[in-house]
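Chemist: Listed here are the chains, written in short residue letters.
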Amino acid sequence: MTTTADTQTETPLVRLDDAGKNYGTIIALQGVTLDVGASEVTCVLGDNGAGKSTLIKIIAGLHQHTHGTYEVEGEQVKFGSPREALDRGIATVYQDLAVVPLMPVWRNFFLGNEIRKGPAMDLAAMRTMAKQELLDMGIDLRDVEQPIGTLSGGERQCVAIARAVHFGAKVLILDEPTAALGVKQSGVVLRYIVQAKERGLGVIFITHNPHHAYPVGDNFLILKRGRSLGYWRKDEITMAELTGLMAGGSELEELTHELEAAGTDSSGLREVAQVFEQEVAELHVADLHVGEPQTPASGSTGSRPDSTQP
Amino acid sequence: MSQTVDVGTPPAPARDERVGQRSTLSRMLARPEIGALAGAIVIFLIFFIVAPPFREPSSLATVLYVSSTYGIPAVAVALLMIGGEFDLSAGVAVTASALVASMVSYQFSANMFVGVLVALVVALAVGFINGYLVVKTGIPSFLVTLGTFFMVRGLNLAITKIVTGNVGTNDVSDIAGFEMAKNIFASQFTVGGVAIRITLLWWILFVIIATWVLLRTHVGNWIFAVGGSAASSRAVGVPVNKVKIGLFMTVGFMAWFTGMHILFAFNTVQSGIGLGNEFIYIVAAVVGGCLLTGGYGSVIGAAIGAFIFGMANQGIIYAGWNPDWFYFFLGALLLGAILLNNFIRSRAEASR
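Residue numbers (the numbering used here), protein chains in the order written: chain W, 1 to 310; chain B, 1 to 352.
Isolated chain W (complex conformation) (with noise of 0.2 Å):
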């Protein structure tokens, strides 16, 4: 209550400062600055091994942060389980965990917060309440007895989502629900997305696909070896920035070297790394611009990058 004194108007629902984790030794974050309002989504990228699933941990109240802030409604948080995360309106959707294959689709959608009906549960209204909850998604299921497992990925990730929003999640977590997916699926799952934010929900979307994040999100943090490399809002990053810090520039090019060498006598080998020369020239372009919003002069979000491109 006492940090958020400050000049915004409206105090975020959930707020990183400079907050980071060690497991022992080990420095698995480090520096991660990002916000979260209501009606906003907040997309964090990041390769595989950038530090993605401690970021969620920490939010989620399965791990606690080492150093930095974690403000809650403007309130200094430590989360001892994600219960107590859940009991804040903050809720996580799992890339694999979010629900049990074996058990039918209404006590997965009940399951941790039961109907209760004296000692009993009320079956009836929680059948219906799951149909009707899912349907206002506009997830539209043949049949809420189905074992969940029955589902295709895409709806499964709608379903844990509809799930959060009706348990009055106020913060959404969003474990690279299109990771798994195909295009058509994707698309459906980024729908749900904006649903979501159109309720009224901060939505942290967790993903390494700029493609995706880009169209749907508010605000981009993008992380790599433990670091944050930054944070933008959307009107201070191009799709073509986002993607180009993402890929790693000079990484792709180093790539492209390497497969020109070994493309010498492969005619297939020569036309990727063709391919990768255009998308490298194409970085070029992407990384004169990107040198400015690195350290962003609007000092609204106060964010600092620790580390230039290495």
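What the hints contain is simulated information worked out from the structure, not anything from laboratory work.
Possibly wrong hints are sitting among the right ones.
[To be verified] When the alpha-carbon atoms are kept at most 27 Å apart in a straight line, the in silico DSSO-like pairs for lysine-lysine are as follows:
| # | chain 1 | residue 1 | chain 2 | residue 2 |
| --- | --- | --- | --- | --- |
| 1 | W | Lys78 | B | Lys182 |
| 2 | W | Lys234 | W | Lys184 |
| 3 | B | Lys242 | B | Lys136 |
| 4 | W | Lys197 | W | Lys170 |
| 5 | W | Lys78 | W | Lys170 |
| 6 | W | Lys197 | W | Lys184 |
| 7 | W | Lys234 | W | Lys170 |
| 8 | B | Lys136 | W | Lys78 |
| 9 | W | Lys117 | B | Lys242 |
[Said to hold, decoys possible] Facing chain W, a subset of chain B residues (Cβ under 8 Å, in silico):
| # | residue |
| --- | --- |
| 10 | Thr217 |
| 11 | Ser232 |
| 12 | Arg234 |
[To be verified] Every beta carbon over 10 Å from chain B, so not counted as near; a handful from chain W, in silico:
| # | residue |
| --- | --- |
| 13 | Gly31 |
| 14 | Lys170 |
| 15 | Gly182 |
| 16 | Gln278 |
The C-beta atom is built at its ideal place from N, Cα and C for all residues, glycine as well.
Add chain B to chain W, keeping to what the hints say.
Modeler: Showing chain B alone in chain W's frame:
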């Protein structure tokens, strides 16, 4: 909670045209216990045909009695298995409960119920230790309870020898409170000339309660969930560790109950009995449709599984077959039941 009152009755229950009319039969076939039921009917018919004494009502009463002594612990073992865990110490925990109750009351000249309560505490403690070790160490329950199985087995023999100087306990039938305890745990009554043991009623009661808890309460929802995916359950706020420890303690409770029956039915307890029974409880649960990996199963199925065991156990005697072959037949019957169970389940799932 969002309430949409204005819509009148929500259209949700209306039939979805994509769900073909599922017949009552195919709905029934999708239940986990259906394979066991089919197996039980086949085995019943076989013995009914080949063993004339098996057709007597009193034989059925005996079969049901034998089934109940295995079926009562199997209720808890099935719940535990649905919750994703094993308990190999259940068989010797039965014996331990009976030994403790008997020795405490006899040695301290206390009322029988003092021993009964101390035994309950011991049985729950064994369950708690099993559960605590499993959830805190993450070691598979197969190994943890294998360890406690040998420990309890050793304690049964060693402590009984130290206390009584013998391998069995002393007769407790003239201790105060014995009659009342016997009425609760080991009495019998006659219905239409057939003697029925009270364990049958307890068994039915436990099956009803456990089924209700499993299917109708939030705790049942959690049991399915922790067995199906502990990580997912934890993530949505289910107290996974409490549920698992509670399930191990439920096994302890049922082991205690069975131990009390043995004590008050026979007045003395041999310290070496109960070995191998844990497998029969597990087999009853598996035959009854519980998945070894957890998350799926039924208590009614486990009861049918115990009934299959009871029929095989007694039916071979009624049929006059050489009892040396009992375990071979038992294994074959169980394997057959499991195969049938699998076959029917996969058919049922395909027809969904």
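Chemist: Work down the list of hints and note, for each, if the structure agrees.
Modeler: Hints versus structure:
1. W/Lys78 x B/Lys182: The hint is violated at about 56 Å.
2. W/Lys234 x W/Lys184: 25 Å, holds
3. B/Lys242 x B/Lys136: Cα-Cα ~11 Å, so holds.
4. W/Lys197 x W/Lys170: OK: W/Lys197 and W/Lys170 at ~10 Å, within 27 Å.
5. W/Lys78 x W/Lys170: 18 Å, holds
6. W/Lys197 x W/Lys184: It holds: about 20 Å lies between the C-alpha atoms, which stays within 27 Å.
7. W/Lys234 x W/Lys170: Judged against 27 Å, a Cα distance of about 22 Å means the pair holds.
8. B/Lys136 x W/Lys78: This hinted pair holds, its Cα atoms lying about 23 Å apart.
9. W/Lys117 x B/Lys242: Between W/Lys117 and B/Lys242 the Cα gap is close to 22 Å, so the pair holds against 27 Å.
10. Thr217: Result: holds, 5 Å to nearest chain W Cβ.
11. Ser232: 5 Å, holds
12. Arg234: It holds, given that the least Cβ distance between B/Arg234 and chain W is near 7 Å, below 8 Å.
13. Gly31: The assertion about W/Gly31 holds, with a minimum of 27 Å to chain B.
14. Lys170: 15 Å, holds
15. Gly182: 21 Å, holds
16. Gln278: 42 Å, holds
Going through the hint list in order, the structure does not satisfy hint 1, though it satisfies all others.
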